[in-house]
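Number of protein chains: 2
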Amino acid sequence: MKQKCLTESNVNQKLLNIQYAVRGPIVARAAQIEREIQKGAEKPFSRVIRANIGDCHALGQKPFTFVRQVLAVAACPALMSCPDIPDDVKERVKEILDDCTQGSVGAYSPPAGLTIVRRHVAQYLTARDGVPASPEDIYLGAGASDLIKAVLTLFVQDVGGRAPGVMIPIPQYPLFSGTLSELGLTQVPYYLDEESGWALPPSELQRAWSHADCSVRALVVINPGNPTGQVLSRDNIEEIVRFAYERNLFILADEVYQENIVSKEFHSFKKAMHEMGAPYSAMELASFVTSSKGWAAECGARAAFVELCRVAPRVLVAFNAARAVAQCPSVLGQCVIDCVVKPPAPGSPSYTTWSRERRDVRRVLQQRAAAATRAFNSLPGYFCNVIEGSMFAFPRVDLPAGAVRAAAERGLAPDEFYCLQLLEETGVCVVPGSGFGQRAGSFHFRTTILHPASEFAHMLAAITNFHHQFLKTYSLSCLTDDDD
Amino acid sequence: MKQKCLTESNVNQKLLNIQYAVRGPIVARAAQIEREIQKGAEKPFSRVIRANIGDCHALGQKPFTFVRQVLAVAACPALMSCPDIPDDVKERVKEILDDCTQGSVGAYSPPAGLTIVRRHVAQYLTARDGVPASPEDIYLGAGASDLIKAVLTLFVQDVGGRAPGVMIPIPQYPLFSGTLSELGLTQVPYYLDEESGWALPPSELQRAWSHADCSVRALVVINPGNPTGQVLSRDNIEEIVRFAYERNLFILADEVYQENIVSKEFHSFKKAMHEMGAPYSAMELASFVTSSKGWAAECGARAAFVELCRVAPRVLVAFNAARAVAQCPSVLGQCVIDCVVKPPAPGSPSYTTWSRERRDVRRVLQQRAAAATRAFNSLPGYFCNVIEGSMFAFPRVDLPAGAVRAAAERGLAPDEFYCLQLLEETGVCVVPGSGFGQRAGSFHFRTTILHPASEFAHMLAAITNFHHQFLKTYSLSCLTDDDD
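Chains as they are written, first to last, in the numbering used here: chain A, 77 to 560; chain B, 77 to 560.
Which copy is meant is left open, because identical chains are indistinguishable; a pair holds if it fits in one copy or across any two.
As a list, the in silico PhoX-like pairs of lysine-lysine whose alpha-carbon atoms are at most 25 Å apart: (1) Lys170 / Lys115; (2) Lys80 / Lys347; (3) Lys347 / Lys418; (4) Lys347 / Lys78; (5) Lys418 / Lys170; (6) Lys166 / Lys138.
I should point out that these hints are in silico values taken from the structure, not numbers from a laboratory.
Bound conformation, chain A alone (with noise of 0.2 Å):
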């Protein structure tokens, strides 16, 4: 028999650098778990707590009446009759069909987006703003893993024969790291401070800089940060951008998180660039928002937009060019942006249902956030940074040396070890820091923390108690081998 054409040594090899722990071995044991316990398998909890990504509704978040709504009725515009639906529902609807070919969400819309959606998140960045965003520089995309790919796509080029580099926190969203693999662009990682509130300090962002072995193009910052779940400051913000600006870096800024404020106010890297002024104002920037993330969370429906600031025009050909390609993204998640850059105005027939919706959703982020942080700074061992943004608690975590050696002699990392055990003890399933990146040393794992309030009590005290045994079972186990 032939060879296949495609085998493990000649198919793409960037594609298999590519590592995605939120959805990586300890996510498929899960999966494997669940089905155990379905075929009726003892284990020592009833079910698996999947803690390992920031879904909402997957967590239990119930959808926004006014999103769905306005989604039934442009699916099916037969339901404006429909005595339940709310005037403002259908005024949206008819606003948005009025602006599809023939009034059908099912034709394809332009490549970048429906032309009343990209007017409707550009008055909502000029109201988050205080400065005039346009439609031109929005282009919708189906998530922005889409987008920050096809904007990511714009730096494969080697520049004056050395190749591409792009600038990544550590910890990052492995979708940075994943993304740069499959591209072959090089990555350049800065590492968060930790002690300071994963502090973006410039000079690391000039140590990596000048340590990098390559020609570094693009820095991407994560504000509020994913996994670490802290909101930069006003004066970070405009320390990062004079770095930029001297070493002529462009600014990807991923701010999907801005709506999920815990704390502390957020400020867009294109508002700080505004106010600091020339040369600043005039920095290319990208800015990446979705869907997924915010009030909404309506991950499924694959939405997202990026505001592209002052890039040059020849360069928007290339990349109306591949977005062409794929003609458009979804017509249907297109109206679930227009909803969330517009909301039900007050006084409208769907703002009272929404501005509650909205206060229970902000009500639980901001309880789980504050019980997140005390309980994992009660735990001997564990330290974590006030969470002020995203949905995540990032906690770093003490191991035994003893955990070390263990980990080891399965092979594999001391956090990934630590989760496992954590998984298969108790059920509850979370991403190891080493997904994200860590300081080589440090050991932290990533967990969601929307959970329905009793699930959610539930996984801290799991989390407890495994810690406590693994601690007693590990140090143990260390004194032992030492005796040995």
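Knowing the structure of chain A, use the given hints to seat chain B on it.
Okay, now just chain B, sitting in the frame of chain A:
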């Protein structure tokens, strides 16, 4: 002022090579004309007729009731209690939502798609081919463009020091040339034989393969043809399979128009390979289907699937890693796929409406295909193969020497000049053959044929009048020039 970070000379040069005529300069000019008309400009026509893109809803096809009701209820399950919603719609939505995490289309699905949808796809393929299909081989995506790019990405790897190449038909759908440009894969063009109904002669495959200055790794076949509208005969498919086997080529079968059949039976590559037996039945294959085409024609939903047959497990690891980074395709889009592969069964409440809608769509395609073939073949200098499938006509037009000269004076390809004149004088927007590729010295254009009856008749009349006038002008100008 500093130079931009991203400039025409340092942006990814591969993106600058992308040509996507379906949304190219003539289409941009059409949009401009629309704006001019809106502003009150005088034109020899009242509106632009867009015949450039295979978008049935944009041409007035009405959405299928069942599909849209499923979408509406999936988005807004409160509508389950609505008396207007048939029971089979409710049952279908329940079945899908049971497979969504927490019953919400707002949660991420697995990267390959919901299990229930993949199972229905496998049942559909099994019924189509009489060959068992497995849900494990099915991957859902954000349109066929997304999946074709994902599969082509696997081949981006030099083999034995030679750059990788992919065979594509000429004429082809420019998604292929555009994606190959972006990925840096070498195009190895083979020519379809217009004289024998756009058949695909193995001798031509052999010629193209042996002249390729790269490592040819894959063979793209578009069946039914786009833009060419032929349906490959079973014998021709067998010849292609044998050729691919001998050359160790991976077949990518773009079979997205398999439900848009006018006459002649559609044979899938999968079934043909299976029935040919060993060794052909063991070959790798990727076959693409989308809900943007077929009867539903929900382009805006961005939904499609690929069946990856017999691909090596380690290769799938790479494929899955890249897919996981993008999270998943739109969950409402996945609902559309579910409806398409499992339409209402005879006897179910939605069946009568669905089958009437289905019959209407089929009738329109058959009438328009016949009318287009007839009309184009009646014009002097036109030749148009019988349209057997797809939703396009791709007539060849002999252009007088005077027109070729006039085009050259304007820096345009002759067919581009012809289409631009057609647009300016009649408002009819079609895509020049040069956007798809054609034999040197031959000129074509692609037009959609699914317009409403009166618009379609108007379009054919406009092209007819224009062509006679064009011939007169440029045959005369040719004579005049000769007289000079």
